[in-house]
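*Asks:* Start from the sequences, fold in the hints, and give me the full structure.
Number of protein chains: 2
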Amino acid sequence: MAKSVFYHAGCPVCVSAEHDVITLIGEDQVEVVHLGEDRNRIAEAENAGVKSVPALVTPNGNVLHINFGASMADVKG
Amino acid sequence: MAKSVFYHAGCPVCVSAEHDVITLIGEDQVEVVHLGEDRNRIAEAENAGVKSVPALVTPNGNVLHINFGASMADVKG
Numbered sequence: 001m002a003k004s005v006f007y008h009a010g011c012p013v014c015v016s017a018e019h020d021v022i023t024l025i026g027e028d029q030v031e032v033v034h035l036g037e038d039r040n041r042i043a044e045a046e047n048a049g050v051k052s053v054p055a056l057v058t059p060n061g062n063v064l065h066i067n068f069g070a071s072m073a074d075v076k077g
Numbered sequence: 078m079a080k081s082v083f084y085h086a087g088c089p090v091c092v093s094a095e096h097d098v099i100t101l102i103g104e105d106q107v108e109v110v111h112l113g114e115d116r117n118r119i120a121e122a123e124n125a126g127v128k129s130v131p132a133l134v135t136p137n138g139n140v141l142h143i144n145f146g147a148s149m150a151d152v153k154g
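Those sequence lines, one after another, are chains Y and D. So the first sequence is numbered by my numbering: it starts at 1 and just counts up by one. So the second sequence is numbered by my numbering: it starts at 78 and just counts up by one.
Note that these hints are calculated values from the structure, not bench results. Don't take every hint at face value.
From chain D, some residues computed to sit far from chain Y (all C-beta separations above 10 Å) [said to hold, decoys possible]: (1) A94; (2) E104; (3) E114; (4) R116; (5) T135; (6) H142; (7) A150; (8) G154.
So the derived label-pair ranges between C-beta atoms look like this [to be verified]: (9) Y:K76 / D:I99: 32 to 38 Å; (10) D:E108 / Y:F68: 22 to 28 Å; (11) Y:D28 / D:F145: 26 to 32 Å; (12) D:E114 / Y:T23: 27 to 33 Å; (13) D:R116 / Y:A43: 43 to 49 Å; (14) Y:T23 / D:K128: 33 to 39 Å.
No residue lacks a Cβ here, since even glycine has one placed at the ideal position from N, Cα and C.
*Replies:* Take a look at the structure:
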């Protein structure tokens with residue numbers, strides 16, 4: 001199975017959700033992308049349909065917005 | 078590992094998220110509760126911290142609100 005991608009921006013809500021997602025799905029099944037540090041992937045996240053972080057993009061392309069840390073507008077600053 | 082509990086209310090957002098969560102985590106790791114049909118578990122969900130559905134309560138008690146289907150107020154009607 002292809003990996004899911006977990007986008008976050010380092011906020012406390014994001015970090016907590018990251019731990020939960022990794023525990024549930026398995027670390028080897030998730031690529032973690034910190035959009036605050038890896039800003040050239042913001043466009044990729046938006047194209048995938050990510051509207052807020054933290055969000056998990058599944059292997060079949062669905063976006064699961066998990067809790068609410070920050071909007072993409074906030075991430076772009 | 079204890080199971081996670083996925084609370085939903087049958088809305089399209091819930092059903093889509095349910096499929097994703099089951100695919101990602103594994104059907105045998107998730108108990109699915111339909112609060113529209115199993116209304117006597119609404120209080121249990123609220124006590125767990127569920128504020129909207131769909132939501133996943135992890136084995137360690139964290140609540141992951143996934144996308145947004147309906148508020149608990151709407152579920153209670």
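*Asks:* Give a verdict on every hint.
*Replies:* Status of the hints after comparison with the structure:
Remark: the non-interface label on A94 of chain D conflicts with the geometry, its nearest Cβ contact in chain Y lying 6 Å away (cut-off 10 Å). Interface exclusion of E104 of chain D from chain Y stands, the closest Cβ pair being 13 Å apart, more than 10 Å. Listed as outside the interface, E114 of chain D is consistent with that label: its C-beta sits roughly 23 Å from the nearest C-beta of chain Y, beyond the 10 Å cut-off. In this structure R116 of chain D is separated from chain Y by more than 10 Å, as the shortest Cβ-Cβ distance comes to about 25 Å.
Taking the minimum C-beta to C-beta distance to chain Y, about 5 Å, the non-interface status of T135 of chain D is violated against the 10 Å cut. Look at H142 of chain D: its CB is around 5 Å from the nearest CB on chain Y, not clear of 10 Å, so calling it non-interface is violated. Residue placement check: A150 of chain D keeps its beta carbon more than 10 Å from all beta carbons of chain Y (closest about 18 Å). No Cβ of chain Y approaches the Cβ of G154 of chain D within 10 Å, the least distance being about 25 Å, so the stated non-interface status holds.
At roughly 33 Å, the beta-carbon separation of K76 of chain Y and I99 of chain D lies within the given 32 to 38 Å, and the hint holds. Under the hint 22 to 28 Å, the C-beta atoms of E108 of chain D and F68 of chain Y, about 25 Å apart, fit the expected range. Checked against the hint of 26 to 32 Å, the C-beta distance between D28 of chain Y and F145 of chain D comes to roughly 30 Å, which is consistent with it. Under the hint 27 to 33 Å, the C-beta atoms of E114 of chain D and T23 of chain Y, about 29 Å apart, fit the expected range.
Our hint of 43 to 49 Å for R116 of chain D and A43 of chain Y holds, since their Cβ atoms are close to 44 Å apart. About 22 Å separates the C-beta atoms of T23 of chain Y and K128 of chain D, a value inconsistent with the hinted range of 33 to 39 Å.
Hints 1, 5, 6, 14 from the list above are not met by this structure, while the remaining hints are.
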